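**Student:** The residues making up each chain are set out below.
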Amino acid sequence: MKLKPLDERVAIEVKEDLVEKNVGGIIIPDTAKEKPQIGEIIAVGPGRTNDEGKVIPLPLKIGDRVIFSKYGGDEFDIEGKKIKIISRSDILAIIE
Amino acid sequence: MKLKPLDERVAIEVKEDLVEKNVGGIIIPDTAKEKPQIGEIIAVGPGRTNDEGKVIPLPLKIGDRVIFSKYGGDEFDIEGKKIKIISRSDILAIIE
Amino acid sequence: MKLKPLDERVAIEVKEDLVEKNVGGIIIPDTAKEKPQIGEIIAVGPGRTNDEGKVIPLPLKIGDRVIFSKYGGDEFDIEGKKIKIISRSDILAIIE
Amino acid sequence: MKLKPLDERVAIEVKEDLVEKNVGGIIIPDTAKEKPQIGEIIAVGPGRTNDEGKVIPLPLKIGDRVIFSKYGGDEFDIEGKKIKIISRSDILAIIE
Amino acid sequence: MKLKPLDERVAIEVKEDLVEKNVGGIIIPDTAKEKPQIGEIIAVGPGRTNDEGKVIPLPLKIGDRVIFSKYGGDEFDIEGKKIKIISRSDILAIIE
Amino acid sequence: MKLKPLDERVAIEVKEDLVEKNVGGIIIPDTAKEKPQIGEIIAVGPGRTNDEGKVIPLPLKIGDRVIFSKYGGDEFDIEGKKIKIISRSDILAIIE
Amino acid sequence: MKLKPLDERVAIEVKEDLVEKNVGGIIIPDTAKEKPQIGEIIAVGPGRTNDEGKVIPLPLKIGDRVIFSKYGGDEFDIEGKKIKIISRSDILAIIE
Chain A
1 MKLKPLDERV AIEVKEDLVE KNVGGIIIPD TAKEKPQIGE IIAVGPGRTN
51 DEGKVIPLPL KIGDRVIFSK YGGDEFDIEG KKIKIISRSD ILAIIE
Chain B
97 MKLKPLDERV AIEVKEDLVE KNVGGIIIPD TAKEKPQIGE IIAVGPGRTN
147 DEGKVIPLPL KIGDRVIFSK YGGDEFDIEG KKIKIISRSD ILAIIE
Chain C
193 MKLKPLDERV AIEVKEDLVE KNVGGIIIPD TAKEKPQIGE IIAVGPGRTN
243 DEGKVIPLPL KIGDRVIFSK YGGDEFDIEG KKIKIISRSD ILAIIE
Chain D
289 MKLKPLDERV AIEVKEDLVE KNVGGIIIPD TAKEKPQIGE IIAVGPGRTN
339 DEGKVIPLPL KIGDRVIFSK YGGDEFDIEG KKIKIISRSD ILAIIE
Chain E
385 MKLKPLDERV AIEVKEDLVE KNVGGIIIPD TAKEKPQIGE IIAVGPGRTN
435 DEGKVIPLPL KIGDRVIFSK YGGDEFDIEG KKIKIISRSD ILAIIE
Chain F
481 MKLKPLDERV AIEVKEDLVE KNVGGIIIPD TAKEKPQIGE IIAVGPGRTN
531 DEGKVIPLPL KIGDRVIFSK YGGDEFDIEG KKIKIISRSD ILAIIE
Chain G
577 MKLKPLDERV AIEVKEDLVE KNVGGIIIPD TAKEKPQIGE IIAVGPGRTN
627 DEGKVIPLPL KIGDRVIFSK YGGDEFDIEG KKIKIISRSD ILAIIE
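One line per chain: the protein sequences are A, B, C, D, E, F and G, in this order.
Position one of the first sequence corresponds to residue 1 (my numbering), numbered consecutively onward.
Position one of the second sequence corresponds to residue 97 (my numbering), numbered consecutively onward.
Position one of the third sequence corresponds to residue 193 (my numbering), numbered consecutively onward.
Position one of the fourth sequence corresponds to residue 289 (my numbering), numbered consecutively onward.
Position one of the fifth sequence corresponds to residue 385 (my numbering), numbered consecutively onward.
Position one of the sixth sequence corresponds to residue 481 (my numbering), numbered consecutively onward.
Position one of the seventh sequence corresponds to residue 577 (my numbering), numbered consecutively onward.
If you are wondering where the hints come from, they were derived from the structure by calculation, not from laboratory data.
Because the structure is a prediction, the values reported are computed rather than measured.
Hints may be right or wrong, so weigh each one.
[As the list claims (entries may be wrong)] Only part of the chain F face toward chain E is listed, based on derived beta-carbon distances under 8 Å: (1) E520; (2) I522; (3) N530; (4) G533; (5) P539; (6) G543; (7) I571; (8) L572; (9) E576.
Glycine is no exception: its CB is placed at the ideal position from the N, C-alpha and C atoms.
All chains, please: the whole structure from these sequences, using the hints.
**Tutor:** Encoded structure:
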């Protein structure tokens, strides 16, 4: 099964345990207002369609690890994984 | 009878039982915030009309299986089927 | 008497009894959130005027049978008929 | 005294008694949600000014009888007449 | 002292007593929803600046007598006069 | 220390006592709805950046005395002075 | 670990103690409505993407000391530092 997010959405595999192991030191305090989460992008939408019908692609790609707002998007369990479909506007930053 | 959705709307036959049988493992937890649903597109609107009168078509076609927000759109019973007319902006992803 | 709706509005003769007789099977459940209604378009506005003064016409014509949101627009009794003046954005689909 | 409405506004002489005498059958039920009223346009604004400074005129003229939303605009008594200054967006239709 | 209103604002000297003496018959009922007032424009802003940096002037000039919404803008006492700085969008009509 | 306001913001030194001494007669009543204040501009942002990347400058300069809304912007004490960083849209007029 | 903020966001290291030591006199009163904070930019997003796909860069760079609204953005602890990811629109001014 493959997800093709619409427009400016991406699908993210939520990986909260990734926080301390791989990223080396990032700690999201429980008191953080918007409860940011960390995950890995598994599917990227084509981008928005402008008023001439031209598609403007997203500045994101499969494999990007991102910080996003917990309250954005919708969460699913797909084949045992925790997946979120979320809008570009709810992604705060890419972690490199 | 045939439905021709207006502008950026599509008509979807809601198929919740499709979730576990055909899609192989997608499970939508009862606790999901926006209660996503799965269905099959049975009619597609022409798309939005831009300010010059040009129509920008939708990136969706009849037969596409999609995840959409339960709270978007309006639901009807048509010839015994559960049909929803929904805006492009309430469709999260195409399932391939 | 003739109505000429302004801009992107249309006038619809509300025909709820049309639902089961002519349309062959469409049933709008009482529990439908937006209480969709069925009617026939009796007058169509010219469309919106863009920022250059050009009029972009509506994708609707007199005689079209449409599903629309009960809560959209304003209802009148005109010459014994139940008429609604409604915006394009409150029309969900054309029934063919 | 003459009123020159600004931008996309018009001045309307409210004529509710016109409903049954001249228009032949239009009855606005007391239960109508937006309380539509009938009146005659006595002054028309120049229209909106676009971003290049060009004025896009209104599709309305003095003498047009219109249906409009009771809750739109502001009402005055001018020289014994009941006058309303109202935006284009609150006018539903021209009656011909 | 001279006021130069910014962008699409104007300064108005509020002259409520002008209503019955000069304008010949205009009476604003106490029950009017938006409490319209009458005044004379004493200063006019340059107009809005479009996205190319071009200024689109206002269709108003010093000396224009206008009807405006009581609840729009801010009121000052300047050199013994009652002055209001108000946006173009709160001015309903010019009185000629 | 120097402040460089972002985009369409300016920095203002709030000078309420300037009201009666220099401006000759302007009195802001305590009952004024938006509590306008008077001050002197000490720093001006570059202006907004349009969609082509071109910067559209502000119609304001250092030294301009302005009336602005008390409730707009954020106030700081900087080197003993009362400074406000405020958006162009909260400035009502320049006092000349 | 490196953060690449998305679109018009920046990452800021919050440095409240910087207020009195380095900036020479700026004092943010506890009563300030939006609780402004001071920090140093450690990462800058690419800017917004316009409707032709062209990226319009931000007028900010790494090392800029800025005043920003406490209530804007999301706060993290990263490698022992207090980091905020914030939108351009929540940054009030650069301190030079």
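**Student:** Hint by hint, say whether it matches the structure.
**Tutor:** Hints versus structure:
1. E520: It is violated, given that the least Cβ distance between E520/F and chain E is near 15 Å, above 8 Å.
2. I522: Result: violated, 18 Å to nearest chain E Cβ.
3. N530: Constraint on N530/F satisfied, holds at 4 Å.
4. G533: Since chain E brings no Cβ nearer than about 12 Å to G533/F, farther than 8 Å, the hint is violated.
5. P539: Status holds, d = 7 Å.
6. G543: 14 Å, violated
7. I571: Result: holds, 5 Å to nearest chain E Cβ.
8. L572: With a closest approach of 5 Å, the L572/F hint holds.
9. E576: Interface hint status for E576/F: holds (4 Å vs cutoff 8 Å).
Going through the hint list in order, the structure does not satisfy hints 1, 2, 4 and 6.
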